[in-house]
Amino acid sequence: MTDRETTIRSVYIWVREGTWRATVDAALSLAPVVGSVGSEARFTLLHVTSPAAADAVHGAYWGLLGRGGQDPGDRLEVLGRASAAELLEAAARRLGRPCERLEIHGSTERAVVAASADADLLIVARDGDRSRLGPKSLGKAARFVVDHAACPVLLVWPEAAPDVGTIPPPPHHPHHGGR
Amino acid sequence: MHRQSRWIPAALGAARCGYISAGCKEGPLNAAIGESVSVLALIAVLAWAVIRPRGWPEAVAAGPAAVILVAVGAISAGDAGAQARRLGPVIGFLLAILVLAHLCDDDGLFKACGAWMARSAAGRPRRLLTLVFVTAAVTTAVLSLDTTVVLLTPVVFATAARLDVRARPHVYACTHLANSASLLLPVSNLTNLLALAASGLAFGHFAALMALPWLAVIGVEYAVFGRFFGSDLTPGSAGPRAQRDAGDGEARLPVFTVTVVGLTLAGFVGASAAGVSPAWAALAGAAVLAGRALARRRATPLSLLRAADVPFGVFVLGLGIVVAALVSNGLGSALRPLLPAGTSLPALLAVAGVAALLANVCNNLPAVLVLLPLTAPAGAGAVLAVLLGVNIGPNLTYTGSLATLLWRRTLRHHGSAPDLGEFTRLGLLTVPAGLVLAVLALWAGLRAMGG
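From first to last, the protein sequence lines stand for chains A and B.
The opening position of the first sequence corresponds to residue 1 in the working numbering, with each subsequent residue numbered one higher.
The opening position of the second sequence corresponds to residue 1001 in the working numbering, with each subsequent residue numbered one higher.
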């Protein structure tokens, strides 16, 4: 392998409500070791706004057959854009170095896979139920991204990683005499 | 035994009997013409309401359609007048509630709710969901489902965003509860107001019979939401994302407004028990808040008129007359065999099921207008079962009916179609279970309290 192939030049940081601090912090800890002399790695903060919530409200409003006034779904779209911009701003402040901001409107998991296709690394936080270790610590979106990402993925815990000792003991098989 | 509610004026009571017995008095040819004209009129009115050509109000089609049906004799002027006299007070009641809710919003009630939810949730998503459930259920019950959809939902979204919590479960909770939590009071949903007169129940009696079904449905929704959105409700690395307190201090509970709403609520029960229409209590509450807002120059007569949404009232009136024509011209006799009489558990389940189905095909407003005259003779139990169906049923589709859904789907030209699958799965998990439990609760209530 040549040095050129192993150098990480483009790092995508998936920023999501509730877990964005962990992905930004992971990028910060990588900063000294990515890129090469004279060519710093580029950081991209990626956020996806799913239309699902606004669509549900559009639908509820259409269901109120005959009512006049403003469609609250439109209001939600405006609020959603403002919230996304605010989140990217907070993440950029925490990162504290030059970065690009990428805001996409669409299906969350598919948009992340498509946007990060040419990245050298995508940083993802576990988004599931982390109270118990196991497959459920990945929610639907992170599961999809881990399964389908076209680039290497760095999967981080939103809080301190659990101790190895918390892994349940191996299953007991009596007919094999245990382990 | 169900009794004629004392606040229904004699003319309305007579009108009620009128539309129950309304049948086809002309020859078979006239009946066929009347039926097809009525069907066409209903399709035109509903299509207009869904498509909204040039953004014109729904009343533009519904008003003339009703006039044409009277002109061609599909419904007699007397029957149409009776329907209008029956619907008039109901529509006035609803418009007063809409004004009341609008003034509550102007006075910062929902902002204060948002600040309260943010403070109490303390960054925990599951706690926020519980608070949203409480707020949305109470708002829907007291100030009608319109208020939850139009005024509360944006506040809930903003609250979730401020707490750095994923908003989807909380927003979906608002849209679901706007339907399923609209069972409790007659003012919670226009369908309930329409049914109140037909059921012959007093305001308090209605609420007492619907309290258990209301709680049962909310319980089902809460249990399903907690599991369905499990991964979205795990606490993240908590804390608001920006170092600002977002003006929490300003968003204090508007005590005067809340007091007026509370007194209005007490007025509904008191007026109804004293034989006065509870609509007067709504009007008085709206008048007090409107007077205060006018005096403080926070509202103008025009803004109040806009809040009252008069074109919506005309639409309901027109739709009511068109549906009355259709029911008397054959739809009634076609549907009657599907609706078992009596208040046995299987009968109530069947009535609620048919109502939910019909609401999902067109919309719950025409559905309840069609079903009321057919079920009113069976008593209050059957009418309340209709309400369970038409209020809970619309959660199966995110637009409340298949007709609206199909049209809106064809309207969408750009790529991102809404995630129909997820919303439908949520509907399939909550609606059948909620409906069955609610009917069981109603049946038990009817046994205990009597209809």
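Wrong hints could be hidden among the right ones.
What the hints assert, rightly or not - Reference excerpt, derived from the structure (chain B facing chain A, CB under 7 Å, subset only):
1. Ala1047
2. Ala1049
3. Pro1053
4. Ser1120
5. Val1150
6. Arg1166
7. Val1361
8. Cys1362
9. Asn1363
10. Leu1365
11. Tyr1398
Since the hints were made in silico from the structure, they are not lab data.
Where is the CB? At the ideal position from N, CA and C, for every residue including glycine.
Each hint, compared with the structure:
A least Cβ separation of about 12 Å between Ala1047(B) and chain A goes past the 7 Å threshold, and the interface hint is therefore violated. A cut of 7 Å between beta carbons decides the hint on Ala1049(B): the least distance to chain A is about 5 Å, and the hint holds. Violation of the interface hint for Pro1053(B) is found here, the shortest Cβ-Cβ separation to chain A being roughly 14 Å, above the 7 Å cut-off. For the restraint placing Ser1120(B) at the interface with chain A, the shortest Cβ-Cβ distance is roughly 18 Å, beyond the 7 Å limit, so the hint is violated.
Interface hint status for Val1150(B): upheld, as the beta-carbon distance to the closest one in chain A is roughly 5 Å, under 7 Å. The interface hint given for Arg1166(B) is met, as the beta carbon of that residue sits about 5 Å from the closest beta carbon of chain A, less than 7 Å. For Val1361(B), the suggested interface contact is broken, since its CB lies about 13 Å from the closest CB of chain A, more than 7 Å. Of the supplied interface hints, the one on Cys1362(B) is violated, with its beta-carbon coming no nearer than about 9 Å to a beta-carbon of chain A, more than 7 Å.
Among the interface hints, the one on Asn1363(B) holds; its C-beta lies about 5 Å from the nearest C-beta in chain A, closer than the 7 Å criterion. The closest approach between the C-beta of Leu1365(B) and any C-beta of chain A is roughly 5 Å, which is under the 7 Å cut-off, so the hint is satisfied. Because the smallest distance between the Cβ of Tyr1398(B) and any Cβ of chain A comes to about 4 Å, under 7 Å, the interface hint for this residue holds.
The earlier numbered hints that this structure contradicts are 1, 3, 4, 7, 8.
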